[in-house]
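Below are the chains, spelled out letter by letter.
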Amino acid sequence: MATSAADGASPTGPANSATGRENSATGRGDTATGRGDTAAVGGDRGVSRDSGYDIAVLGAGPAGLAAAVAAREAGARVALIDSAGRVGGQFWRHRDGDTGAGHHHWSTLRRLRRAARKLDFLSGHFVWHAERTDEGFTLHATVPATVPANVPATVPANSHATVPATVPASGRDAAGDQTRTIRCRTVIVATGGYDRQLPFPGWTLPGVYTAGGAQALLKGHGVAVGRRVVVAGTGPFLLPVAAGLVEAGAEVLGVFEAGAPGGFARHPAAVLRNLDKLTEGAHYLRVLLRHGVPYRTRSTVIAAHGDGHGDGVRAVTVASLDADWRVVPGSERQMDCDAVAVGYGFTPQLDFALQLGCETRLDADGSLVARADDQQRATVPGVYLAGEICGVGGAQLSLVEGELAGLHAALTTVGAEPSRGAVARLLRRRSALRAFATAMHRVYPVRPGWAGWLAEDTQVCRCEEVTAGAIRESIAELGATDPRTVKLLARPGMGLCQGRVCGYATTCLVAAAGGREPTEEDFRGIAARPVAQPVTLGMLADG
Amino acid sequence: MSSPLPSVRFSFGDREIVAEAGQSIGAALIAAGYRSWRTTRHEGAPRGVFCGIGVCFDCVITVNGRPNQRACLTEVRQGDRVDPQEGAGRGHLGC
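For the record, the sequence lines run as chains E and F. Quick note, the first sequence lines up with residues 373 to 915 if you use the numbering used here. Quick note, the second sequence lines up with residues 16 to 110 if you use the numbering used here.
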């Protein structure tokens, strides 16, 4: 495959072109390792060429980037792997020529991006399985022809590296997708998260986007999702989404926050240690105020309406909610719009932590997260975890956990002792930020009344088009008492997204029907994904 | 937010669309006024971008004859031939 990085005409921006092209000459400026290619580095440390990297980091967002840089600077040979073409993840999603306006902590990204030139950034790699081996770990990835990718020459191709496209294709796709196997002694999982969704009537209409999707389209592609946009859901992330849209020229009809924030006063210790976070929120509120965008609490979008001709959303129903998120009767009002951005917090992307057998727990926001200790170690030897998968807490916490993970992974893998002072400082910062995240989760809980917004024919699973009625039937008529059984009987979570979007809602619905709270086991049952990305049978055979 | 970027041209059905270099096919289609470009397998309902970051697979589309490509992740390139997708995207198999 002719990758954009390899052909030297990369259209993919500073991060990719910097890491992509300069990767091929990793040795430049790499005083620790001389030439810096696989054989030389591996040889220096007595590592056989076959065992590949000392450390592989899954995910190049704030956590993964910080982890990879810390481990590299400690002397480890590091691969940083991401499906995107650039480093930065969702938080620092950016475009060519982006000067950082509208981004937070942009100087941190610039510093890390510069430092990351000394490690192998494997962009465009869609890892679909992580497994333990006698020597460490093997990561199986596809490198689709349709995505800009950097494939360092040091990563060996598989025996049948090029799998023909499934149908005859022309141009750039003629070469087909590739499969790659990355070997490492230690793995750091930093795969972040994505928007947590609650279904509502009409949420499958075109023009309804996740809040994170609206943000990604704006920051990553310069596109506002609509001209008249309604922002709804819960959590502080709705504020930057709305502020970004309004500054890009869209009319934001309102931010409808289902919760009742203001409860920060009940968490003074957590807040006082993190005043900068409140300043950030205040900044976005000022932007909304300046543009006359209403910010309403205890209210949300409970339905979206199309025009009946398959053309997508044209209006929403907004309603006031009581403390349990039941609709206050008579409070419904309709609002014309051409786009909706909606999100109810975040769901950690646990695929690889679960594939590797890591233990989990339920966090304060009700999300399934992976257990990590003070060194960011998972419960499985050789696996480190950082960022949202240890508990949703934002970019600053991710950076801290990433650095801790990188330092400790380098200690156990290549024997590089971290500075005790640095570790102590990071742990103090982690503790303060984690306390703030927990306070945040308590201020913005998802309340059970949302199930009352659903009609019988409201789709819960978008992929398999499984309705709330079908899910209720599998519980009431067929006797399902846990989400895994509901999945087997009614098929929610059986589609291409593998329950990433509907898993939370399905789990809550079946638990509520049984008069109980969702458990860790419920979430584990619906979050296990042995194959994390779509792969062809040929690729599976190829390994 | 950023300086003007070079443009690339691609086709969507029988229409030619101009996008900014580096944009995803999904973003370029939204910028061109489209909100949906595929129909679902069971109900034939229209879908477009939802999650925007490769998680939900709602935005799959046919690119240069290959179905089921995520429009939100596929970077548009000069001369790409992009087509809407119906159902499972297996129309080309004639089954």
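Heads up, a few of these hints could be off.
[What the hints assert, rightly or not] Simulated coverage check for chain E against chain F, where a stretch passes if three residues somewhere in it have a Cβ under 8 Å from a Cβ of chain F:
1. 504-511
2. 592-605
[What the hints assert, rightly or not] Listed next, with one range per pair, are the computed distances between beta-carbon atoms:
3. Ala487(E) with Glu31(F): 41 to 49 Å
4. Gly787(E) with Gly28(F): 45 to 53 Å
5. Ser26(F) with Pro701(E): 44 to 52 Å
6. Gly102(F) with Leu799(E): 50 to 58 Å
7. Gly851(E) with Ser26(F): 48 to 56 Å
8. Ala695(E) with Glu31(F): 47 to 55 Å
9. His57(F) with Gly787(E): 36 to 44 Å
The hints are simulated quantities; they were obtained by calculation from the structure and are not laboratory data. Quick caveat: nothing in here was measured; it's all calculated off a predicted structure. Every residue, glycine too, gets a C-beta built ideally from N, C-alpha and C.
Practice item. List, from low to high, the hint numbers that the structure doesn't satisfy. Key: Going through the list in order, the structure violates hints 1, 4, 9 and respects the others.
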